[in-house]
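Enquirer: With the sequences and hints as input, model every part of the structure.
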Amino acid sequence: MKMEAMSLSGLDNTKLEALAHDIYSDLVEDACLGLCFEVHRAVKQGYFFLDETDQDSMKDFEIVDQPGVDIFGQVYNQWKNKECVCPNCSRSIAASRFAPHLEKCLGMGRNSSRIANRRIASSNNMSKSESDQEDNDDINDNDWSYGSEKKAKKRKSDKNPNSPRRSKSLKHKNGELNNNVNTDPYKYNYNSGISYETLGPEELRSLLTTQCGVISEHTKKMCTRSLRCPQHTDEQRRTVRVFLPGPSASTLPDVDAVVESDGYDVSDGQALMNRLQWDGSSDISPSDSASSKASTNNSDSKKPKKKKKPSLGLSSSGTGGTGGGTGGGPGTAGSGSSSQGVLSLPSRKKKPKLPAPPTPSIYDDMN
Amino acid sequence: MSKDLQMRAAINQKLIEMGERERLKELLRAKLIECGWKDQLKAHCKDVIKEKGLEHVTVEDLVAEITPKGRALVPDSVKKELLQRIRAFLAQHSTL
Numbered sequence: 001m002k003m004e005a006m007s008l009s010g011l012d013n014t015k016l017e018a019l020a021h022d023i024y025s026d027l028v029e030d031a032c033l034g035l036c037f038e039v040h041r042a043v044k045q046g047y048f049f050l051d052e053t054d055q056d057s058m059k060d061f062e063i064v065d066q067p068g069v070d071i072f073g074q075v076y077n078q079w080k081n082k083e084c085v086c087p088n089c090s091r092s093i094a095a096s097r098f099a100p101h102l103e104k105c106l107g108m109g110r111n112s113s114r115i116a117n118r119r120i121a122s123s124n125n126m127s128k129s130e131s132d133q134e135d136n137d138d139i140n141d142n143d144w145s146y147g148s149e150k151k152a153k154k155r156k157s158d159k160n161p162n163s164p165r166r167s168k169s170l171k172h173k174n175g176e177l178n179n180n181v182n183t184d185p186y187k188y189n190y191n192s193g194i195s196y197e198t199l200g201p202e203e204l205r206s207l208l209t210t211q212c213g214v215i216s217e218h219t220k221k222m223c224t225r226s227l228r229c230p231q232h233t234d235e236q237r238r239t240v241r242v243f244l245p246g247p248s249a250s251t252l253p254d255v256d257a258v259v260e261s262d263g264y265d266v267s268d269g270q271a272l273m274n275r276l277q278w279d280g281s282s283d284i285s286p287s288d289s290a291s292s293k294a295s296t297n298n299s300d301s302k303k304p305k306k307k308k309k310p311s312l313g314l315s316s317s318g319t320g321g322t323g324g325g326t327g328g329g330p331g332t333a334g335s336g337s338s339s340q341g342v343l344s345l346p347s348r349k350k351k352p353k354l355p356a357p358p359t360p361s362i363y364d365d366m367n
Numbered sequence: 001m002s003k004d005l006q007m008r009a010a011i012n013q014k015l016i017e018m019g020e021r022e023r024l025k026e027l028l029r030a031k032l033i034e035c036g037w038k039d040q041l042k043a044h045c046k047d048v049i050k051e052k053g054l055e056h057v058t059v060e061d062l063v064a065e066i067t068p069k070g071r072a073l074v075p076d077s078v079k080k081e082l083l084q085r086i087r088a089f090l091a092q093h094s095t096l
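Chains as they are written, first to last, in the UniProt record's numbering: chain E, 1 to 367; chain U, 1 to 96.
Everything labelled a hint here was simulated from the structure, so no lab data went into it. Glycine included, every Cβ here is placed at the ideal spot set by N, Cα and C. Careful, some of the hints might be misleading.
[Unchecked claim] Below, a list of computed lysine-lysine pairs in the PhoX-like style, where the Cα atoms sit at most 20 Å apart:
(1) U:K42 x E:K15
(2) E:K15 x U:K46
(3) U:K69 x E:K15
(4) E:K15 x U:K79
(5) U:K46 x U:K69
(6) U:K14 x E:K44
(7) U:K14 x U:K3
[Stated by the list, open to error] Examples of chain E residues toward chain U, derived with CB under 8 Å:
(8) L19
(9) V39
(10) V85
Expert: Now the structure itself:
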């Protein structure tokens, strides 16, 4: 019986089909019941309607479709034309210009200090007092003169042609600004404060001791970068110091001393320091230079600077052999030797004479 | 006739024993959710509940309202696929 019952071969297809449908119906009914139970439980537990928002909130957040407004109903350029009142100066400023204005007004931010320093420098130059070199040195990254390019352009009409404030923009725009520029060569009348004619000898000297000072052909202004500025060679610096009256004598005492004398501890020391500074070599530490004076190789080293490598070799007991390029080798002993060795370093600049005019003055103070 | 009944009972039993029924059930549920049948029916439920009042809804009410509609709303593709699988099962296991 079971075997018969199980066998479907006797069944025709309709019955089979009916059977299949019945099974299918049962399954669907099960699914429906499952849903009903689920919903009923949700209703009784109170979370059935949680996923819906109430009508009032729906209206609040409806999508807005008006012109000039985004879908949230906000106007996007609402603050564009508004004016704000500056808390500092109580002026009414346009919103888009407010941030830069505030930066300048409060004196904070990168540009404001630069501009302020420029103003100080130019006002100092105008009054022919010594300008604040150190500050400018720190802040000046470029080879600029004391007038600001932008301000100069705006004020061209305001200032008289000979005022010191005239353009640093002249620096790189020879052709364009000829009408405004004093075309006389070497008449360092241009503003940028670094016209040597406006500076007294003392100021000039101090300027040259701290700054590069090389006079630019284009703008006839003196370079305000540091003594080791890469744009100008020591040769140029030396030229300037020779060219301009007064300062050269005081600024490069060591150079003369080194060339002429064989050893002169003070000058050697200064020359050493000059060289150190000029070459920018890091090989010689301050302690070395300090101790150099006490070195025992003084006698050996006393040779004219002109000999670069050989002098190095002789000086500092041969450690300076490599110093030709590096500044006399590290730890060269003896001020004389080391200085000699160091002297040779500059050789790469063709002339043994050293640049670093300021150093002597600095070390003068130290000594 | 009793043979038919017996046969049916036997087949159902086999369906359950082999776990095929569960598989078919899961398959159907997944397909119904996928095609949106469940959401449709749920929306209908909401209407019924709002109509009858939230507090007084009973299971029987829901069942009576939902089941006929549910059966009608099943898409044809789902139905066909399920029938196909059932037939395959029957064909495979009917003769023992």
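Enquirer: Against the earlier hints, flag every one the structure doesn't satisfy and list their numbers going up.
Expert: Numbers 1, 2, 3, 6 and 10 - these are the hints that the structure violates, sorted from lowest upward.
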